[in-house]
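Asks: Sequence:
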Amino acid sequence: MSGLEATLRAVRDRGAKSFVPYVTGGFPGVDGELLRMLAAAGADAIEVGIPHSDPIMDGGVIQEASRVALQRGTRIGDVLASIVDAAVEIPVTVMTYANIAHHRGYEAFCDDLARSGVDGAIVPDLPVDEAERFAALGAARGIDVVLLAAPGTTAQRYRAIAAASHGFVYCVATYGVTGARDQLSVTARDVVTAVRPYTDLPLLVGVGIATPEQAGEASAFADGVIVGSALMAPLVAGDPKGALRLAEAFRGEIL
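Each residue of the sequence shown is one higher than the one before, counting from 2 in the numbering used here.
Hints are computed from structural coordinates only; laboratory data are not their basis. Cβ atoms here follow ideal geometry from the backbone N, Cα and C, with glycine treated the same way. Treat each hint with caution, since some may be false.
[Stated by the list, open to error] Listed next, with one range per pair, are the computed distances between beta-carbon atoms:
#1 99 / 29: 24 to 30 Å
#2 57 / 14: 17 to 23 Å
#3 246 / 134: 27 to 33 Å
#4 242 / 140: 35 to 41 Å
#5 198 / 14: 15 to 21 Å
#6 140 / 86: 35 to 41 Å
#7 54 / 15: 39 to 45 Å
#8 238 / 115: 32 to 38 Å
#9 246 / 11: 23 to 29 Å
Could you build all of it, start to finish, from the sequences and the hints given here?
Replies: Next comes the structure, spelled out in C-alpha cells:
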C-alpha cells in the first residue's frame, strides 16, 4: 500500500476526514515553504498542480495561476524541485493532464515523480480505458494514479473507475470546471453514494468547494475534501497569509 493510500485510510480509520489543499506549482510564492506551512495548518496530504497551457478542468482562478506560472518559464522539474525542497512528512500528489505525462513518457514521468518523493498523480483527463499501464508503472514506484468520478456517469463506468484508481477516488462534486460555487452541489453526495459500493478506497470530494462551511458539509458523507480555487484565489490576489488563514479555517470545518 502506498504512503498516500495508507495516510488517507489511517485518517478514516480513526474516524476523521482528510483535508487536501491544492496549489498551482510555479506560481509566485508556491514553494517549499508554503507547502510546509500548509502541512502545519493541518493538511493530511497536498496536491500540487503542474501548470498547463490548456487546463480543461480548471476555472478562471487556476487558469490564471497556470498562465502566470508558465509565463515565468515553469517546467515539470521546477514543480518537483519545490516538492523536494518542502520535505514535508505528509503525502504529496501532483495534478497533471494526460498529455504532459504522455509527452514525457509514462515510465520516465513516474521515475521523475518517484525521485522527487511524490506519492500520487491525479490525472483528470486520463480515460479509464487507458489507465492500466500508467497505473502499473506508478504502482511499481510507489505512486498512486488517481482517477476522477464525475456526476452523471453510468454505474458500469463508476465500477471501472473505482477498480482502476489507486490511492483514492476523486469524486467530482459538480458539473463544469473548478471554481467557487454559491452552495455545495447536490451531485457531490450522489457521486460518493454511486462509487461507494465498488471500492474500499477513500473517497474524496473536490471541485466547487468554495467555503469552509461547504467543506464541512461534504465531509459529512465523504472521506475527505480537496480544496483548490478557494485557496488559490488569495494567492493570485497577492495575499498568501490570507490563503493560510483560509486553509486553517477549512481544516477546522472538515471533521
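Asks: Against this structure, judge whether each hint is valid.
Replies: To see whether the hints hold, each was checked on the structure:
1. 99 / 29: 24 to 30 Å: Cβ of residue 99 to Cβ of residue 29: about 27 Å, so the range 24 to 30 Å holds.
2. 57 / 14: 17 to 23 Å: At roughly 35 Å between Cβ atoms, residue 14 and residue 57 fall outside 17 to 23 Å, so the hint is violated.
3. 246 / 134: 27 to 33 Å: violated, 42 Å
4. 242 / 140: 35 to 41 Å: Taking Cβ atoms as reference, residue 242 and residue 140 lie about 39 Å apart, which means the hint holds.
5. 198 / 14: 15 to 21 Å: holds, 20 Å
6. 140 / 86: 35 to 41 Å: At roughly 26 Å between Cβ atoms, residue 86 and residue 140 fall outside 35 to 41 Å, so the hint is violated.
7. 54 / 15: 39 to 45 Å: holds, 41 Å
8. 238 / 115: 32 to 38 Å: Given a distance of about 35 Å, which is inside 32 to 38 Å, the answer is holds.
9. 246 / 11: 23 to 29 Å: holds, 27 Å
The structure does not agree with the numbered hints 2, 3, 6 stated previously, though it agrees with the rest.
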